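Participant: Sequence:
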Amino acid sequence: MTSEHSVPPGRAGRRPTMVDVARLAGVSLKTVSRVVNGEPHVQRAMADRVLAAVAELGFQRNHMASALRAGRASATIGLIIEELANPFYSTIAHVTAAMARDRDTLLLSASSEEDPVREEQLLRDLCSRRVDGLLVVPAGCDHSFLNAQVDMGIPVVFLDRPGTNIEADAVLLDNRGGARNGVRRLVADGHRRIGVLLDSVDVHTMRERLAGAQDALADAGIGYDGALVRGGVRDPATAAAAVADMLTQPNPPTAFLALNNRITVGAVQELWQRGSDAALVGFDDFELSHLMPRPLTVIGYDTRELARRAAQLLFARIDGDRSRPRTVVLPTELVERGLTAGSTRRGPAASGVRR
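Numbered by the numbering used here, the letters in the sequence shown go through residues 1 to 355 in order.
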């Protein structure tokens, strides 16, 4: 059907179009459209010619363009998370992708790398691509730029942290209650000097967890001592250094609260190397926590449920739910971990590293 001197479009450095298919098959553009869109009442012989041309050219239908021309949704949603390589966020992406697949919807995922400027650029780009909705683990402190998109019908659901300067759904953890319960456990075990290790109070989760620790101390009549709180603890190395420094003070802590699991890992390392019997409670469960060389308590939760509830909310909005935005708060629980945790130790931890 082609001359011996012509090169099929699909092999000439550009994507073949329906026009190319029609030319190769010797049929009208309308006939090609009817065949590739699965419409009935096309003669068998003509449909076979179109399908043969499609196969020869490697033509692929543009589902998004077809949907937009028909006035339908794009069947695409966007997900902005902190870091795709991070187990906590990869779990969120995995669950969301599975739910999107069940609805014949494509998930576009990207990492903000905890950079508010990059986050805004990514969100604006996804909106320009006409996605049906957005799931966002926020990095920035102002999401008012999304208000215009929400007004135009693009629903937004925040997860793990709430959005700012925008009315939108959010699915969060009980960060304050979890930390409160963790410190209450330490107080019940007789501890009065409890070191608190955190990243930055600029992060919503850190701020809430610190507030929960303060609640528990106040409830127990224990005065808040700022000297027992160390900020800027961002990874296991800085956590180990902070623990080492606090233990060398004249009146050292007898227990520690680590406000994420990367901090917990560093604290375990330092306490183990020193042979310290200081108690340890860490927010977030993590992979291999049950194999840590000393007892510890983690404040755990279901990462998969966090993602599932957020995706359910988003798809409900896409399907037409126009009720007022709501915030869902998921519970946490205290779980005993470590190789010598005894009979209270549970099974392997769910993976997840986060701030």
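Everything labelled a hint here was simulated from the structure, so no lab data went into it.
Errors might be hidden in some of the hints.
[Said to hold, decoys possible] Using C-beta positions, here's what the derived DEER-type ranges look like:
| id | residue 1 | residue 2 | range |
| --- | --- | --- | --- |
| 1 | Q43 | H94 | 41 to 49 Å |
| 2 | D189 | R118 | 42 to 50 Å |
| 3 | R304 | E39 | 21 to 29 Å |
| 4 | D319 | Q273 | 49 to 57 Å |
| 5 | R118 | A227 | 35 to 43 Å |
| 6 | P252 | L334 | 19 to 27 Å |
| 7 | P40 | L108 | 45 to 53 Å |
| 8 | P252 | R124 | 45 to 53 Å |
| 9 | L330 | Q273 | 43 to 51 Å |
| 10 | D115 | A55 | 38 to 46 Å |
[Said to hold, decoys possible] Calculated lysine to aspartate or glutamate pairs in the DMTMM-like style (CA-CA distance at most 25 Å, straight line):
| id | residue 1 | residue 2 |
| --- | --- | --- |
| 11 | K30 | D48 |
| 12 | K30 | E56 |
| 13 | K30 | D20 |
Quick caveat, the model's predicted, so the values are computed rather than measured.
From the three backbone atoms N, C-alpha and C, an ideal C-beta is built for every residue, glycine too.
Participant: State for each hint whether it applies.
Facilitator: Consistency of the hints with the structure:
1. Q43 to H94: 41 to 49 Å: holds, 45 Å
2. D189 to R118: 42 to 50 Å: Hint holds: Cβ distance 43 Å, inside 42 to 50 Å.
3. R304 to E39: 21 to 29 Å: violated, 40 Å
4. D319 to Q273: 49 to 57 Å: The hinted range 49 to 57 Å holds for D319 and Q273, with Cβ atoms some 54 Å apart.
5. R118 to A227: 35 to 43 Å: About 36 Å separates the Cβ atoms of R118 and A227, which means 35 to 43 Å holds.
6. P252 to L334: 19 to 27 Å: holds, 24 Å
7. P40 to L108: 45 to 53 Å: violated, 33 Å
8. P252 to R124: 45 to 53 Å: Holds, at about 49 Å.
9. L330 to Q273: 43 to 51 Å: Because 35 Å falls outside the window, the suggested range is violated.
10. D115 to A55: 38 to 46 Å: holds, 44 Å
11. K30 to D48: holds, 15 Å
12. K30 to E56: Between K30 and E56 the Cα gap is close to 19 Å, so the pair holds against 25 Å.
13. K30 to D20: holds, 13 Å
When held up to the earlier numbered hints, the structure conflicts with 3, 7 and 9 and fits the remainder.
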